[in-house]
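Trainee: Spelled out from the first residue to the last, the chains are:
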Amino acid sequence: MPYAIEVEHIKKTFKGKREVRALDGVSFSVEEGTVFGLLGPNGSGKTTAVRILTTILQPDSGSARVLGHDVCKKAGLVRSLIGLAGQYAAVDENLTGRENLVMVGNLNHLNKAVVGGRAKDLLEQFNLADAGDRPLKTYSGGMRRRLDLAAALVARPTVLFLDEPTTGLDPQSRNDLWEVIESLVGGGTTVLLTTQYLEEADRLASTLAVLDHGHVIADGTPAEMKADLGATVLEVGLSNLEDARRTGAVLDTIGPHSPMVNGTVVEVTVDNGPQAAMLGLRALDREGIVPTAFTLREPSLDDVFLSLTGHSTVEEAHTQEDGGSPRRGRRGRRLRAAEEALPIATGELS
Amino acid sequence: MTTAIAAPTLSGAPPATGIGGKLRWSISDTLTITRRNLLALTRIPEALFFSTVQPIMFVLLFRYVFGGAINTPGTDYVNYLMPGIFVQTVAFGAVSTSIGLAEDLQKGLIERFRALPMARSAVLTGRTTADLVRNVFVVIIMTAVGFAVGFRPTTGVLPYLGGILLILLFAYSLSWGFAVIGLSAANSETAQVMSFPLLFPLTFISSAFVPVDKMPSWLQGFATYQPVSVTVSACRALMIGGPTASWVVQSVAWTIGFLVILIPLAVHRYRTRT
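Keeping their order, the protein sequence lines are chains A and B. Residues in the first sequence are numbered consecutively from 1, following this note's numbering. Residues in the second sequence are numbered consecutively from 1001, following this note's numbering.
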């Protein structure tokens, strides 16, 4: 299958008071008609990669091609083939939704009649028909983001770049946007998506690359990444911290992996799920420990990230302005998990 | 939101080829951006106030409050004042270029523009052209207000229009200077803060409101020959009479000089700003 996007050894350093090596030899490729997820925490280089691929920035070295065209040498051609929806809804506050779409259509040099029709269709597709003739000042955050994506689609791009399209959106808007992206890919569009949400990458992307400090630290399909991690995770919930501590010690005996005690929850990676479950339950029973929850689950991409980098994806999310407050509880837990995972990884606990 | 979105069979027009095609695109893109900026102007009450009510208040203030205390030999103060107010108004208005560009950068609009197959120059030419159009509108209002408060040009219609043209060209060249500031500022507030320290000495240490010969002698040189004063003097000569040629030549020279230096500088800032 031909590649829609090919990136080879891209390097980019931002000079200034503090030199920042945003990308340090990044390579990946994206097959036509698929969704590629570029995953990583803030500052990992995701946005820089998107800006290079959309011709906004020039790399210091390396090369990148979109649909076979070099993004530096054929920038004009590349621009006419791509769409970009950025991290911040880049739409004009003072114009109406329709005027924004028409402006982008005109700047793509589409036929005037075509532009009007497409603006109308897109406003309808994105549930903005009623708001289409109101200035954007009156739009909610979710509406702006939808309009931003609509603006990226006016020229019917063959390759679409979405830089953290759902950051800061409420769950309903996020789901709506996911459906739009799936429908676009169904129509043959290639999508490169950056995200810090593993759930999002898992749901949308057929292939992934994980970026950390400007390096691709892993790539493959979500399933491959989970397979690489090993197997299943056994998660046991206890009613108190003392039981959790004891359970940690007990579960350490059932397999080669060390358990991670995390408040009243104990997690251990196991190679054979059912067998480990039986061994685990028997061992707990012998000790007279009664769990409140006992779950076998597939490793999440959170687990993947943790094992690859030694820190969770959400480590830096706390400093982010709109770090998704509804998820804070989960984030907090993962953060502690990350801190405790480090000694386990180096074997100091066992 | 669940309807299938049509397959991307046809994309935007293929890139323009040849000088003619590229020129046609840059004109069309400039017009698109100009239109966008003018539409925005009509929807920001502050901007409308800034470009209409504020200059009218300046006219009334100087005409009726300060004017009585200012002695201008050979002509009524209102005739002396109006050319000065014209230039001061368009110079203040040029700040909107710096604020507007800084805002576009801040909000990520420029980022979107950079990824579109549009002419690179259109963001800047569209912005400065919108300013020019706004200034045409402003000088028409100012002319009406001037006449209402007793301004009576003495030289006829053509020289008057010549003066207006001179002001518009001068303002256009200033817009490019403020574009450089807007592209260098971190945000729109900084752009505003950076603009006024430049603007105040140019408009007030000038012959716009008071005769220069009442200023201390060490200030007179600057106050007479700086670009705003030169343009004011040229307009004054064109509108109410006096030796014209030397001032007009100096004003045109400043205007051309600004354009030659500031356009490449602004384009360079636009290209290198990340």
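By construction, these hints were calculated from the structure, which means they are not laboratory data. We treat Cβ as the ideally placed atom computed from N, Cα and C, and that holds for glycine. Some hints here could point you the wrong way.
[Stated by the list, open to error] DSBU-like cross-link-like pairs, simulated, lysine-lysine; straight-line CA separation at most 30 Å: (1) 1107(B) / 74(A); (2) 73(A) / 1107(B); (3) 15(A) / 1022(B); (4) 1107(B) / 1022(B); (5) 73(A) / 1214(B); (6) 11(A) / 1214(B); (7) 112(A) / 1022(B); (8) 1214(B) / 120(A); (9) 1107(B) / 137(A).
[What the hints assert, rightly or not] Covered stretches of chain B, as calculated for chain A (at least 3 residues, CB under 8 Å): (10) 1097-1109; (11) 1259-1269.
[Stated by the list, open to error] Restraint-style ranges between C-beta atoms, simulated for each label pair: (12) 8(A) / 1272(B): 43 to 51 Å; (13) 256(A) / 1271(B): 17 to 25 Å; (14) 215(A) / 1019(B): 40 to 48 Å; (15) 1187(B) / 134(A): 21 to 29 Å; (16) 1196(B) / 58(A): 58 to 66 Å.
Trainee: Does each hint fit the structure? Answer for all of them.
Mentor: Status of each hint after checking the structure:
no.	hint	verdict
1	1107(B) / 74(A)	holds (27 Å)
2	73(A) / 1107(B)	holds (28 Å)
3	15(A) / 1022(B)	violated (33 Å)
4	1107(B) / 1022(B)	holds (28 Å)
5	73(A) / 1214(B)	violated (61 Å)
6	11(A) / 1214(B)	violated (62 Å)
7	112(A) / 1022(B)	holds (18 Å)
8	1214(B) / 120(A)	violated (64 Å)
9	1107(B) / 137(A)	holds (13 Å)
10	1097-1109	holds (count 3)
11	1259-1269	violated (count 0)
12	8(A) / 1272(B): 43 to 51 Å	violated (25 Å)
13	256(A) / 1271(B): 17 to 25 Å	violated (57 Å)
14	215(A) / 1019(B): 40 to 48 Å	holds (44 Å)
15	1187(B) / 134(A): 21 to 29 Å	holds (26 Å)
16	1196(B) / 58(A): 58 to 66 Å	violated (35 Å)
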